[in-house]
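Protein chains in written order, with UniProt numbering: chain H, 1 to 140; chain W, 1 to 140; chain A, 1 to 140; chain D, 1 to 140.
Simulated from the structure, these hints should not be mistaken for laboratory data. It is possible that part of the hints are untrue.
Not everything, but these chain H residues come out facing chain W in the computed CB check (under 10 Å) [said to hold, decoys possible]: (1) T24; (2) A28; (3) P54; (4) G95; (5) R98.
So these bits of chain A aren't anywhere near chain W, every CB distance computed over 12 Å [as the list claims (entries may be wrong)]: (6) T24; (7) A41; (8) Q59; (9) P74; (10) D80; (11) F81; (12) M90; (13) G123; (14) A134.
Where a beta carbon is used, it is the ideal one built from N, C-alpha and C, also for glycine.
These are the residues of each chain, in order.
Number of protein chains: 4
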Amino acid sequence: MAPIRQVPTITNAAARQIVDAAVTAAAAAGQRSAIAVVDAAGQLSAFTRMDGAPPQAIQIAQDKAYTAAGFGMPTGQWHDFMTNDSPLAMGAPGGIARLIPFGGGLPIIIDGHAVGGIGVSGGHWTDDTKVAEAAINAIG
Amino acid sequence: MAPIRQVPTITNAAARQIVDAAVTAAAAAGQRSAIAVVDAAGQLSAFTRMDGAPPQAIQIAQDKAYTAAGFGMPTGQWHDFMTNDSPLAMGAPGGIARLIPFGGGLPIIIDGHAVGGIGVSGGHWTDDTKVAEAAINAIG
Amino acid sequence: MAPIRQVPTITNAAARQIVDAAVTAAAAAGQRSAIAVVDAAGQLSAFTRMDGAPPQAIQIAQDKAYTAAGFGMPTGQWHDFMTNDSPLAMGAPGGIARLIPFGGGLPIIIDGHAVGGIGVSGGHWTDDTKVAEAAINAIG
Amino acid sequence: MAPIRQVPTITNAAARQIVDAAVTAAAAAGQRSAIAVVDAAGQLSAFTRMDGAPPQAIQIAQDKAYTAAGFGMPTGQWHDFMTNDSPLAMGAPGGIARLIPFGGGLPIIIDGHAVGGIGVSGGHWTDDTKVAEAAINAIG
Numbered sequence: 001m002a003p004i005r006q007v008p009t010i011t012n013a014a015a016r017q018i019v020d021a022a023v024t025a026a027a028a029a030g031q032r033s034a035i036a037v038v039d040a041a042g043q044l045s046a047f048t049r050m051d052g053a054p055p056q057a058i059q060i061a062q063d064k065a066y067t068a069a070g071f072g073m074p075t076g077q078w079h080d081f082m083t084n085d086s087p088l089a090m091g092a093p094g095g096i097a098r099l100i101p102f103g104g105g106l107p108i109i110i111d112g113h114a115v116g117g118i119g120v121s122g123g124h125w126t127d128d129t130k131v132a133e134a135a136i137n138a139i140g
Numbered sequence: 001m002a003p004i005r006q007v008p009t010i011t012n013a014a015a016r017q018i019v020d021a022a023v024t025a026a027a028a029a030g031q032r033s034a035i036a037v038v039d040a041a042g043q044l045s046a047f048t049r050m051d052g053a054p055p056q057a058i059q060i061a062q063d064k065a066y067t068a069a070g071f072g073m074p075t076g077q078w079h080d081f082m083t084n085d086s087p088l089a090m091g092a093p094g095g096i097a098r099l100i101p102f103g104g105g106l107p108i109i110i111d112g113h114a115v116g117g118i119g120v121s122g123g124h125w126t127d128d129t130k131v132a133e134a135a136i137n138a139i140g
Numbered sequence: 001m002a003p004i005r006q007v008p009t010i011t012n013a014a015a016r017q018i019v020d021a022a023v024t025a026a027a028a029a030g031q032r033s034a035i036a037v038v039d040a041a042g043q044l045s046a047f048t049r050m051d052g053a054p055p056q057a058i059q060i061a062q063d064k065a066y067t068a069a070g071f072g073m074p075t076g077q078w079h080d081f082m083t084n085d086s087p088l089a090m091g092a093p094g095g096i097a098r099l100i101p102f103g104g105g106l107p108i109i110i111d112g113h114a115v116g117g118i119g120v121s122g123g124h125w126t127d128d129t130k131v132a133e134a135a136i137n138a139i140g
Numbered sequence: 001m002a003p004i005r006q007v008p009t010i011t012n013a014a015a016r017q018i019v020d021a022a023v024t025a026a027a028a029a030g031q032r033s034a035i036a037v038v039d040a041a042g043q044l045s046a047f048t049r050m051d052g053a054p055p056q057a058i059q060i061a062q063d064k065a066y067t068a069a070g071f072g073m074p075t076g077q078w079h080d081f082m083t084n085d086s087p088l089a090m091g092a093p094g095g096i097a098r099l100i101p102f103g104g105g106l107p108i109i110i111d112g113h114a115v116g117g118i119g120v121s122g123g124h125w126t127d128d129t130k131v132a133e134a135a136i137n138a139i140g
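Isolated chain H (complex conformation):
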């Protein structure tokens, strides 16, 4: 059995393109966003904070990207996921480090693999989600 495996992960060049696309989308929508892209290991690859985004957004954007990359699903799906799962709803927020269970984080899926994640923060999570989606689509 081969002792190694290949982990598909987003390149830094692509991560930066996604951040650029997110800035463009946020600016067009009048949003002041912090945007983070993490790799397949959930570790930060690229980040930017537009002027005027609150300091809190620095952490939230990174945690959304980490949440999305690690679990391979949009952060906005956690709410539905937990609605009929009371133990999880009670324990996951606060219990799972850096879990952000509202919108604005998306996994970056390529060829069926979650190769990273993007997190956007600064506006309401519905707005953050739109920015993240636009950024993902831009590199599609």
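Put chains W, A and D on the given structure of chain H with help from the hints.
Leaving out everything else, chains W, A and D in the frame of chain H:
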């Protein structure tokens, strides 16, 4: 394009005046408060803890001020804000570092800019809010 | 007395230009760097991690930028600064949060103000310093 | 045997006077200081950060005050104290949480009791020490 921008932020002298006004208001109301004022970046500018305020109030006052300054709205508005937003209610407390979603924190708004924040802790949040409001009004 | 003052801080647009210039310089030198630019308050504005940079560099780059911006001097000067100051040498590393006292961090000085800082990590600090210097010079 | 004891601790009113005196002394010396006063339990009573003091000084001032109050001796004495005590020199900085072993922190001694501590940060520790001493003397 100019590489710098000017960020308006509260002076330490004004921050100390706000703390003094809060102490006066708290004493008049029979409250024992911890009071923090942060600048536009959410970083501590002035703080005092009246005798008898619990040690927990040291942190809560600072976090209220940070929450208010960063998001530019009173901490007491988070509850209404989240009532019909179940994902945010599920994730924001605990998920956003140092978020205090009950009353006692107010942004300091001058000429339309959030130039800092005040946080008061030590009593019930309804009382803390009154102290914070009195302090803001005193320097109006 | 006016209750606010204006703090000059680097724009996110300029921060991103500095990061881009650092990536170019690092690539030319065969370095795999993480690069962080913080604003005048020491808060993250822009970040990128080139493929192959170690995960540790994510934190070190940010801490170098924070150290340089806060104290307004290159991180590489801390060693000389402490050589004949035994108490500081004993206490500063470890005692001052996020202090990185070796090269790779530079303040960003414009019109005499420390408006931010850059931190580079991934190579030896002598190499990191060269990348940071090249990035600063590129936007001069 | 009486189940309680009386812990002498500095009042918040006195703590604020010390902070005020420190601001006056720092301004006279051209220093931009963060100043913290803690009570006998080492918990923050009063704090101010003069405009232009680095963000790092927020933490260092508080840790100096905590160090001085807890051990009842000036932070500047730790260096001599450890010089001929290699195990302590090796382990105390970094091993003891929040220990700052260079100047700028002084215990507040009244009637032979360490009733609190002051910490000053923002300049070199020799300057910080002078500000702390002036503040203590002012309320003498």
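Against the earlier hints, flag every one the structure doesn't satisfy and list their numbers going up. Result: hints 1, 2 and 7 break, sorted rising.
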